[in-house]
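Enquirer: Residues per chain are reported as follows:
There are 4 protein chains.
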Amino acid sequence: MSKFKYAAGLWAIGGTADRFLTSGYVENPPGLIELTKKAATVTDLKGIEVINTQLDGVDVGEYKKLLDDLGLTAISVLANTFGLRKYKLGALTHTDPKIRQEAIDQGKKSLDLAKELGADNINLWLGTDGYDYSFQINYEKHLDMLLEAIREIAEYAKKMDLKVALEYKLREPRNFMTIGAVGKALYMSMQAGDNVGIILDFGHSLMARENPAESVFWLAREKRLFGVHVNDAYGDWDDDLNTGVVHFHQTLEFLYALDVTNYSGWVSLDIFPYRLDGLKAASLCIEYMKEMEEILERLDYEELKKAQLTLDAGNTQPIIKRAIFGK
Amino acid sequence: MSKFKYAAGLWAIGGTADRFLTSGYVENPPGLIELTKKAATVTDLKGIEVINTQLDGVDVGEYKKLLDDLGLTAISVLANTFGLRKYKLGALTHTDPKIRQEAIDQGKKSLDLAKELGADNINLWLGTDGYDYSFQINYEKHLDMLLEAIREIAEYAKKMDLKVALEYKLREPRNFMTIGAVGKALYMSMQAGDNVGIILDFGHSLMARENPAESVFWLAREKRLFGVHVNDAYGDWDDDLNTGVVHFHQTLEFLYALDVTNYSGWVSLDIFPYRLDGLKAASLCIEYMKEMEEILERLDYEELKKAQLTLDAGNTQPIIKRAIFGK
Amino acid sequence: MSKFKYAAGLWAIGGTADRFLTSGYVENPPGLIELTKKAATVTDLKGIEVINTQLDGVDVGEYKKLLDDLGLTAISVLANTFGLRKYKLGALTHTDPKIRQEAIDQGKKSLDLAKELGADNINLWLGTDGYDYSFQINYEKHLDMLLEAIREIAEYAKKMDLKVALEYKLREPRNFMTIGAVGKALYMSMQAGDNVGIILDFGHSLMARENPAESVFWLAREKRLFGVHVNDAYGDWDDDLNTGVVHFHQTLEFLYALDVTNYSGWVSLDIFPYRLDGLKAASLCIEYMKEMEEILERLDYEELKKAQLTLDAGNTQPIIKRAIFGK
Amino acid sequence: MSKFKYAAGLWAIGGTADRFLTSGYVENPPGLIELTKKAATVTDLKGIEVINTQLDGVDVGEYKKLLDDLGLTAISVLANTFGLRKYKLGALTHTDPKIRQEAIDQGKKSLDLAKELGADNINLWLGTDGYDYSFQINYEKHLDMLLEAIREIAEYAKKMDLKVALEYKLREPRNFMTIGAVGKALYMSMQAGDNVGIILDFGHSLMARENPAESVFWLAREKRLFGVHVNDAYGDWDDDLNTGVVHFHQTLEFLYALDVTNYSGWVSLDIFPYRLDGLKAASLCIEYMKEMEEILERLDYEELKKAQLTLDAGNTQPIIKRAIFGK
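Chains as they are written, first to last, in our numbering: chain W, 1 to 327; chain P, 1 to 327; chain B, 1 to 327; chain D, 1 to 327.
For the record, the hints were derived by calculation from the structure and aren't laboratory data. One or more of the hints may lead you astray.
[Claimed, not checked] BS3-like mimics (lysine-lysine), calculated; alpha carbons at most 25 Å apart, straight line:
1) P:321 / B:290
2) B:306 / P:321
3) W:327 / D:88
4) B:305 / P:280
5) W:141 / B:88
6) D:37 / W:327
7) B:38 / D:88
8) W:305 / B:305
9) D:115 / D:37
10) B:141 / W:3
11) P:86 / D:3
12) D:280 / W:306
13) P:98 / D:306
14) B:327 / B:3
15) P:306 / D:141
16) W:321 / D:290
17) W:38 / P:88
18) B:88 / W:306
19) W:46 / D:88
20) P:64 / P:141
21) B:46 / B:290
22) P:290 / B:3
23) D:290 / W:327
24) D:3 / P:141
25) D:327 / D:305
Kindly generate the complete structure, drawing on both the sequences and the hints.
Expert: Okay, structure coming up:
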């Protein structure tokens with residue numbers, strides 16, 4: 001039996017594009033329904049994340065029924081403030097009150113959707129709330145508007161007994177995104193309300209030059225870790241690669257950190273398999289993490305914690321090595 | 001009068017997209033003709049670069065006439081091996097001989113176009129010739145295939161009295177692109193033929209943790225600097241920002257390097273003004289570089305060279321400071 | 001008259017070494033007294049920072065008198081937890097209670113010194129409180145110990161009406177330092193007490209991939225910006241270069257941010273002029289920043305703020321360009 | 001039996017310092033003789049590298065005898081141009097002819113030493129030949145002087161039937177080091193002579209954003225790979241960490257690359273175990289690499305090469321995963 005419950009973002013496995021190949025890497029990318037059915041075929045994949053605009057024109061009740069039939073749980077709804085042209089200069093922080101209100105409403109509609117789908121939170125990944133150049137924005141007003149908007153959404157969520165998760169990311173699409181690193185996200189969530197927490201994305205954490213396992217503990221101590229996204233990256237960018245194949249030890253430690261902090265949420269794939277078959281990539285990732293679960297099974301947590309008290313990596317590394325190689 | 005001749009890539013200023021907003025930042029992006037006419041309105045912009053596939057379905061003779069009428073020079077044709085789905089796993093290095101040959105032919109067709117348009121070179125920016133993961137490709141065969149394909153294109157070019165320029169870039173869209181840094185590009189060009197050189201992109205050079213001005217000299221000593229792309233970036237990624245506004249001194253030194261190595265080519269904009277008006281951005285860039293030209297006018301090159309002999313930045317910095325601030 | 005009061009860390013300008021040249025770049029580095037007298041000769045340098053261990057064996061009363069005679073203010077005392085072998089595996093977070101208490105006492109002694117010297121704060125730059133490898137430490141205990149130790153020092157400070165400043169830094173000497181980025185520092189300071197704030201180092205902020213000017217605003221909104229260190233860097237590392245010569249615009253915006261948030265503290269140099277004459281380097285830095293002050297004089301803040309409301313860098317950049325080039 | 005012959009740099013395992021703790025992490029660092037004897041106790045460590053100045057005042061004949069008695073081979077002598085104050089602004093490129101000649105002679109003396117010790121090459125890691133700031137040096141003259149000096153040393157080596165290896169590194173101690181990346185090193189070596197090649201350091205390659213395994217192939221195709229240094233790093237800096245514990249797959253692929261290119265040289269540790277016991281760290285590294293050798297034993301090279309022909313990581317990753325996890 002798995003230590004973790006695995007999920008995947010439906011935006012990721014079903015057809016990706018980049019700025020040079022805007023028509024996408026797959027000729028006829030599957031629609032939401034097909035994608036959902038496909039996702040259900042991946043061994044051990046039991047949850048999905050969806051972008052609110054993916055449900056435009058879809059009968060939500062029927063979609064919920066489809067999820068139930070497939071044995072899938074909707075774990076979060078991602079509010080789309082990053083893929084619509086009108087938000088290009090800002091969403092929750094837009095200085096045009098009309099556009100800003102639309103973005104806030106996007107959050108609220110995502111909460112409505114989450115409720116219908118049985119998800120307990122929405123994801124505010126604020127891809128356009130930031131800036132690109134020095135002197136471009138008034139940071140003081142920007143921070144105020146950002147916090148107020150999150151609060152407004154969080155209050156709406158609270159009435160529905162739902163939670164709001166901030167997914168921090170250093171950059172891309174903006175050159176600087178305001179909720180860019182774990183400490184900023186933690187501060188913002190604590191200012192915004194007790195139902196506001198964080199979705200920690202492994203690759204985003206690497207981008208901010210954090211060690212993702214450590215970031216788990218910063219959030220866990222304030223009970224603000226609402227979800228995690230897994231993937232891998234070379235460090236300078238959000239590459240959204242398959243899990244475990246670059247930062248093996250840091251991925252392993254990340255899973256360990258989830259385990260020892262008694263994280264009970266989902267471990268959700270956020271990969272962009274541009275040149276890979278999406279389902280194959282998802283399967284590979286979950287298989288990889290299950291191998292890592294086996295390593296954790298072999299790891300003597302008490303022995304490790306004792307070695308950690310010496311602060312000397314010369315004492316902890318042999319323990320990890322033994323667990324990895326099984327001898 | 002300008003020290004430099006300014007140009008711009010037409011792909012850049014006329015409508016950009018990214019992986020989150022694949023439909024693009026501009027609602028109805030202008031077509032090639034409109035874009036070209038617009039480019040001609042930018043003060044001091046006298047050259048353009050075009051992607052070969054932008055000319056699909058266009059009467060090239062008429063387009064050449066348009067350029068002439070507008071007083072524009074086609075300075076280079078960029079062979080599209082990065083924006084077509086079939087090349088997603090490789091172009092000049094694809095292991096499928098048919099696809100690889102199509103990519104080579106893409107280069108040759110670009111040469112034909114260059115001839116018709118009066119450009120003296122094509123640009124091989126090999127966005128897909130690389131890999132994403134450890135163990136993914138056989139590097140030995142890959143390097144052989146790459147060099148052979150460049151040679152085949154270069155020989156075709158030679159007969160037409162044209163040149164082939166390799167635009168190196170570390171990464172994106174591939175996680176590792178083979179011709180990734182200045183030294184690799186220099187080696188490849190020297191192996192490939194005497195009409196093969198390099199297009200040096202300022203932001204690509206930063207990405208590879210080079211100092212772009214230094215890279216100018218590596219290429220100049222082998223007479224392989226065939227073109228330059230200007231833009232700016234924060235360093236970890238190819239941000240394609242407006243020129244001069246992040247790395248002011250390094251941009252200034254880059255222009256200085258072009259000047260003292262007697263570079264006679266074009267200084268061509270390769271920006272991606274996602275959230276900016278493209279023409280306004282192009283104008284700002286050229287205005288900025290002309291301010292930098294004025295700084296270079298104020299700079300006493302002989303005094304600087306003398307100070308450089310001391311190897312002490314304490315002696316060179318005051319000279320640069322004085323030139324910048326005009327006192 | 002200057003907008004800002006300039007200071008310098010005495011550790012920096014007087015003799016530096018690195019891991020390859022451990023004997024140092026200067027043959028006979030000046031001692032504290034000589035260094036202090038030299039610093040006083042730099043035009044516009046009116047404050048100094050000192051490491052508590054630099055005062056070992058020095059008569060503090062006499063040193064204070066020297067400062068007064070020279071017209072220098074001691075602006076902060078840096079507690080040395082990073083340059084003593086015993087703290088190599090941790091200081092405030094060492095698991096050996098004896099070593100940890102010594103580190104806490106180091107903080108308290110630094111407060112005593114600060115009081116005697118008339119400085120209103122000590123600097124806790126916790127260079128060894130962190131780790132190097134995955135699995136090396138128990139983050140939960142580590143964070144608890146860190147916060148408790150800061151609180152103990154802060155309470156001691158409070159009785160003396162002094163403040164404690166955390167200088168965050170991503171890495172070096174440890175591969176991961178716990179108070180590594182602005183958000184983490186802000187969170188820690190808010191948990192630790194109302195007399196705990198932050199010293200923001202320009203290069204450390206770049207290392208964490210922040211835009212330093214933005215970080216000023218995060219701290220200013222909680223009135224936790226107690227000091228700033230200026231220098232420059234290429235971005236991946238704490239290069240401690242002369243100010244302004246790499247990130248010109250970001251330095252300018254940093255000074256602007258200090259101005260519009262009504263920062264009343266010191267602007268203190270933290271450079272490591274390994275291969276430069278230290279005093280010459282310090283002079284160059286201050287001259288450079290005074291040129292930037294002149295740019296800010298030319299900048300119409302109201303016009304800029306109005307342009308910022310459009311969120312469009314196409315509107316703000318011309319204003320900045322005009323201020324820089326004076327036309 | 002091992003696929004590889006393991007060695008270590010004696011500078012590394014015996015006492016390290018950094019710019020904050022210049023007196024060093026070990027109170028009484030062992031001298032050369034003691035260090036050599038200690039190194040001989042590490043299982044499977046059969047070669048050592050030494051810096052020429054470590055042999056100052058040592059009877060080289062006796063030292064050679066000690067090595068023989070201990071069963072150790074001197075694999076390379078590192079010419080010290082980086083740890084002497086006089087070279088702080090340049091060694092082979094110093095504009096003062098006297099200092100430059102001393103640096104060249106340092107290389108020649110290192111060759112004499114190599115001959116006496118039975119090493120077949122010297123290592124030119126040119127830590128100070130570079131610059132820190134824009135406009136600081138005259139790149140044209142600098143490149144000329146660099147190449148000429150390497151040629152002079154290479155010719156001297158040739159007469160002795162010895163080789164000269166350039167160890168490239170992007171930066172540190174200089175902010176820009178001229179022979180900074182694999183392509184530049186390859187170009188330089190090809191210009192300098194047929195007995196000039198490269199020492200490829202894993203962490204240096206990461207710093208330059210290369211994939212070290214790929215770099216092996218660039219050098220192997222010109223038969224210029226004279227040696228390799230192993231260690232690990234987080235990517236932005238030359239952390240000189242224990243091997244394998246950050247970039248597991250890339251280390252594995254690096255060893256694979258050495259194997260398939262029939263590399264017959266040594267695999268030499270270049271770690272800086274600041275806070276670790278040096279010998280323990282060296283042992284851990286070699287044990288780790290031997291585990292990786294076992295993975296390579298399980299890896300079916302032919303199956304992998306076949307999968308690589310598809311260019312699809314979805315086909316290669318399962319093969320690697322199976323080899324790692326042994327099932």
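Enquirer: Evaluate each hint against the coordinates.
Expert: Each hint tested on the structure:
Under the criterion of a C-alpha separation no larger than 25 Å, the hint pairing residue 321 of chain P with residue 290 of chain B is consistent with the structure, at around 12 Å. Using a Cα cut-off of 25 Å, the hinted pair residue 306 of chain B and residue 321 of chain P is violated, with the two alpha carbons roughly 31 Å apart. For the suggested pair residue 327 of chain W and residue 88 of chain D, the alpha carbons sit about 48 Å apart, so the restraint of at most 25 Å is broken. This hinted pair checks out: residue 305 of chain B and residue 280 of chain P have alpha carbons roughly 20 Å apart, not beyond 25 Å.
At roughly 43 Å between alpha-carbon atoms, residue 141 of chain W and residue 88 of chain B are farther apart than 25 Å, so this suggested pair is violated. Between residue 37 of chain D and residue 327 of chain W, the direct Cα distance comes to roughly 30 Å. Violation of the 25 Å bound is thereby established for this hinted pair. Among the hinted pairs, residue 38 of chain B with residue 88 of chain D is consistent with the structure: their alpha-carbon atoms are about 23 Å apart, no more than 25 Å. Note on residue 305 of chain W and residue 305 of chain B: the hinted pairing is violated, with a Cα-Cα distance of about 53 Å set against a maximum of 25 Å.
Between residue 115 of chain D and residue 37 of chain D the CA atoms are separated by roughly 21 Å; this keeps the pair inside 25 Å, and the hint holds. With a C-alpha separation of about 24 Å, the suggested pair residue 141 of chain B and residue 3 of chain W falls inside the 25 Å cut-off, and the hint holds. Straight-line distance between C-alpha atoms of residue 86 of chain P and residue 3 of chain D comes to about 40 Å, which puts the hinted pair past the 25 Å bound. Proximity of residue 280 of chain D to residue 306 of chain W is assessed by CA-CA distance (about 19 Å); at most 25 Å being required, the pair is judged to hold.
The straight-line distance between the Cα atoms of residue 98 of chain P and residue 306 of chain D is roughly 19 Å, inside the 25 Å bound, and the hint therefore holds. Straight-line distance between C-alpha atoms of residue 327 of chain B and residue 3 of chain B comes to about 22 Å, which keeps the hinted pair within the 25 Å bound. Restraint check for residue 306 of chain P and residue 141 of chain D: satisfied, since their Cα atoms lie roughly 12 Å apart, inside the 25 Å limit. Simply put, residue 321 of chain W and residue 290 of chain D have alpha-carbon atoms about 12 Å apart, close enough for the 25 Å limit, and the pair holds.
Our distance criterion of 25 Å between C-alpha atoms is met by residue 38 of chain W and residue 88 of chain P, whose separation comes to about 23 Å. Annotation: proposed proximity of residue 88 of chain B to residue 306 of chain W holds, straight-line Cα distance about 19 Å (limit 25 Å). About 60 Å separates the Cα atoms of residue 46 of chain W and residue 88 of chain D, which puts this hinted pair outside 25 Å; it is violated. For the hint linking residue 64 of chain P to residue 141 of chain P, the alpha-carbon distance of about 40 Å lies beyond 25 Å, and the restraint is violated.
In summary, the hint linking residue 46 of chain B to residue 290 of chain B is supported, as the alpha carbons are separated by about 14 Å, within the 25 Å threshold. With a C-alpha separation of about 30 Å, the suggested pair residue 290 of chain P and residue 3 of chain B falls outside the 25 Å cut-off, and the hint is violated. Proposed proximity of residue 290 of chain D and residue 327 of chain W is supported: the alpha carbons are some 13 Å apart, at most 25 Å. For the suggested pair residue 3 of chain D and residue 141 of chain P, the alpha carbons sit about 24 Å apart, so the restraint of at most 25 Å is met.
Proposed proximity of residue 327 of chain D and residue 305 of chain D is supported: the alpha carbons are some 19 Å apart, at most 25 Å.
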